[in-house]
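Engineer: One-letter residues, chain by chain:
There are 4 protein chains.
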Amino acid sequence: MALHRFSPHHYHTAIGSHPPVLRVAPGDTIRTTTVDAGGCDASGVQVTARGNPQSGPFYVEGAEPGDTLSVRLDAIVPSRDRGYSASAVAPNVVDPDYVAALPPGRMSLWAVDAAAGVARLVDPPAALAGLALPLDPMLGCFGVAPEGGQAISTATSGPHGGNMDYRGFRAGTTAHFPVFVPGALLHVGDGHALQGDGEIVGTGIEISMDVTVTVGLLKGRRSRWPRGETEEYIFTVGNARPLDQAVQHATTEMIRWLQEDHGLDAAAAHILLGQCVAYDLGNVFDPAYTMVCKMAKRTLAQVAGGR
Amino acid sequence: MALHRFSPHHYHTAIGSHPPVLRVAPGDTIRTTTVDAGGCDASGVQVTARGNPQSGPFYVEGAEPGDTLSVRLDAIVPSRDRGYSASAVAPNVVDPDYVAALPPGRMSLWAVDAAAGVARLVDPPAALAGLALPLDPMLGCFGVAPEGGQAISTATSGPHGGNMDYRGFRAGTTAHFPVFVPGALLHVGDGHALQGDGEIVGTGIEISMDVTVTVGLLKGRRSRWPRGETEEYIFTVGNARPLDQAVQHATTEMIRWLQEDHGLDAAAAHILLGQCVAYDLGNVFDPAYTMVCKMAKRTLAQVAGGR
Amino acid sequence: MALHRFSPHHYHTAIGSHPPVLRVAPGDTIRTTTVDAGGCDASGVQVTARGNPQSGPFYVEGAEPGDTLSVRLDAIVPSRDRGYSASAVAPNVVDPDYVAALPPGRMSLWAVDAAAGVARLVDPPAALAGLALPLDPMLGCFGVAPEGGQAISTATSGPHGGNMDYRGFRAGTTAHFPVFVPGALLHVGDGHALQGDGEIVGTGIEISMDVTVTVGLLKGRRSRWPRGETEEYIFTVGNARPLDQAVQHATTEMIRWLQEDHGLDAAAAHILLGQCVAYDLGNVFDPAYTMVCKMAKRTLAQVAGGR
Amino acid sequence: MALHRFSPHHYHTAIGSHPPVLRVAPGDTIRTTTVDAGGCDASGVQVTARGNPQSGPFYVEGAEPGDTLSVRLDAIVPSRDRGYSASAVAPNVVDPDYVAALPPGRMSLWAVDAAAGVARLVDPPAALAGLALPLDPMLGCFGVAPEGGQAISTATSGPHGGNMDYRGFRAGTTAHFPVFVPGALLHVGDGHALQGDGEIVGTGIEISMDVTVTVGLLKGRRSRWPRGETEEYIFTVGNARPLDQAVQHATTEMIRWLQEDHGLDAAAAHILLGQCVAYDLGNVFDPAYTMVCKMAKRTLAQVAGGR
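Protein chains in written order, with the working numbering: chain A, 1 to 307; chain B, 1001 to 1307; chain C, 2001 to 2307; chain D, 3001 to 3307.
Everything labelled a hint here was simulated from the structure, so no lab data went into it.
Bear in mind the structure is a predicted one, so any value in this text is a computation, not a measurement.
Where hints are given, some of them may not hold.
What the hints assert, rightly or not - Simulated coverage check for chain D against chain A, where a stretch passes if three residues somewhere in it have a Cβ under 8 Å from a Cβ of chain A:
no., region
1, 3012-3026
2, 3147-3154
3, 3234-3245
Glycine is no exception: its CB is placed at the ideal position from the N, C-alpha and C atoms.
Let the hints inform the model, and build the full structure from the sequences given.
Structural biologist: The following block contains the structure:
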């Protein structure tokens, strides 16, 4: 149950089997920092190349292929008072014949007041002068080393996690990742002060973060896609294009989870999911899109064997 | 502001320019009944062929191509105490290599207690014996006659609405449809006592309904896809495959709506949408899938010109 | 074996159960005319609204749901000397971030010399002054009335055929369509003097045609998607978005055809198809895309039971 | 113009920046061997783990990011007399509701007679006893190290090439790849004695090969996706899901190529492509699908400036 403080000195824009920067035990807490998507740190200084640079990787003792790593997001706190966002919905998120009507893709600067929990545009268009958005800090991109010796760009996502841009990855949520390599090799980065669903402009409010996570090991529990839980839900994550396929991955993973770990047979799992499932949308900007399949814990609590 | 009571004698399983059964004025309220998706009425008797049979169409005086029809869902109340659902997640909603593991696609019978607001399985698998789900009645399939002389199966959806299976189409919501033909020709049907997101088993809890709607006419306001509003949100609806394209339709329609009717220029609309948009999932079972793009009214209220 | 000459006086831009203009017997030949996609006839006069107007429908005596209609394309001959095409690849056919770079979507005029079998641009950009393209006349849109009382826009396609824009639908090819309504109700239109794969600019060289077809009835032979044969291949057609789904429809239909009518068991059909299948691309412009799955007759001839 | 003979001792199942096994100059020829997709060599002995193991990488002197590497496929010759294939169309290639009807996924053994140029099933189902398929040897998976420090599984494909399973990659074809890292780092593997379009069963006839390639360097010529040429065509390759997106990548790359290197302005390039483009289907089995966009050289030869 140690607390590790770690200040990164270099970063990775591909999630892979890089040499670990720290070895921790299941149950340990890591307090570290992340630069923003553009590689700028808490001082606003660019310290590494852009592209969702990741802190880590962190090696979790005892983690082996076939296990599941849990990552409780204890705290995600903006570490400076300026964030930025893109300002135009991305060409792949609008109708093809509307693309030519998109406004120029300038960056917007936001004043981020972590104490007050509010973000305001620094130089707003007139109509948005009064806009004060509640912060909802999250990690856009994090995950573990993928299988088969791959190193996967932080521009995209997969079974190993990565650039999922799911708003549910906020403090209080616990994420689960399949372990593909010894030590799992956890990477974290790409903090957003807040974000709309889908990250449809290609960014949230991008900002450096102070991040605290506690890792755990679900020994021998096999998962195929990222999973997680919040106070209200358990959830599974599918990452693919088209979104239909992300739905398929997330739904299949939830069916398996309900049957393997929540005490339901196939008939019960399917009936329950059919009438009670909920979906959230992660990223629809990146090469792989993200869909999240959720089941309410209060519903599971009604179910014999459900946990 | 008349109240029309209408008891249907025949039904349509393609939404098109059928002879209207009733002519109403903007502001009028229609109280009618719908059979369930299988064509069974409040007595459980099959009175028409299966396939989301629609009551109507209702002709709205003054509605012309280029207008938008509003349909306030005043009440959607189950009219009997038995509903049914499919019991297995559909093959197109799971990974292709998981399809062979799907359980048999039997129907489940549900006891629907509209007074208590609860549905329970009549013959549950053991694990679900204690399951009591809160009702959330909605219309799965409704819409207006499509353009160009088309008649479109109630198995699918499009710019005219149709089989969207969006849980947000509950009492209290107002739906908007583009008007493609004189009188708009509103069809309603396919009530669900409740439904999971996506209608992933291919049904909600299917049941006959007593339905009350109030129609309105947004004269000269052009829309291209269904829209609507709830107490908390305005929303737009895209219907297409793959889901990516449904996202594109819904998002583009929201951008247009924000600019055309909510007083935002392109720069403001895009920045606002980028960090504040939310999406809900409608149907991922039918030939066209459904995605809903939402903007919170409380956010719009912060915006100069926003309504 | 009668020959029917039919001059259309009105046209349809939705394929559905319209009143037939002519009743023919299986084995009969129909010689008719088609207007171009814009509704202009052999004189270049616009005689009906644009949108792939269809001649017909033709009622085939004895055709009933569950049968398959065959349509041998005997002759497709341009009936005037001018055709037109769009000049820019469509926004949905290029990368979303390339759309803004597309050139303006002007129309190009082509001189079509049916006797010489060549098309030349009337007012070419300099680089194309020497371009002389061999004609390859085809029908872009034809098919039969769809099931369930639907009327489907000639802008799109489905199990009933429609706007498939497949270059293989040239003279010498026989198309097969599932029969969904009594008489099948054959529609024909949308001739192209020639076309690139995919109809990626949204048109071929659009032109009015003299069309001769001979209908046949495969009594009691069930099909689910369009099929056909050329001198070298048998083929099946899937119409859907995304293209992946069109591949699925066409491939599944071919597997069924090989097993139901070509004397192969499942093991043989799958092995054969796996190493010998070929695909052609139809339309990637319309709401539904088209993929064609082919099997060479010379390969089938090697196979016991294969026809 | 040296000839290098190279016998691999280890193999890679992710294409990335591995240490090069050989350094060659532009114009040099490499004669090497590839194991089959399952890791078995010319003796049928499994010498490495399965999964399209790659020989190489080969470092091409002078190749730098922003250049294009050409790889002329001089010879691809089966190096043993037994190959194998999967025997059932893959679940993702048929309709979801047909998956349960797929036959068991056994392997088929083929006798491959490279001298006679024919493959025959070793233990055929009765109907296929007479089947003798002409060989058409090709490389299923080859490419260069991807950008950004990635290592990408040989199960899939991308801008760097990879598992494209395109039948056009046969002897006589020259492939082009964007260079992302110094030396390009060419990998080759996954030979097929023959293959159906789409690799719809997940394999061709998998076999070890003797492979001869000649590399060249198009210095300063930027490409974004694989390209190539045969005697009759130039072509571009898009790798993505859904296929619609692969079409977009390949088509956009062809437009760029026509404008950047074939002397056409936008107007001419679009008109020409619109009426003359052809598409071939690569893989529809892997995580990324492959579509090939082609332009006939005989057509380009008619065009001023066209090469």
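Engineer: Against the structure shown, which of the earlier numbered hints fail to hold, in ascending order?
Structural biologist: Per hint list: zero violations.
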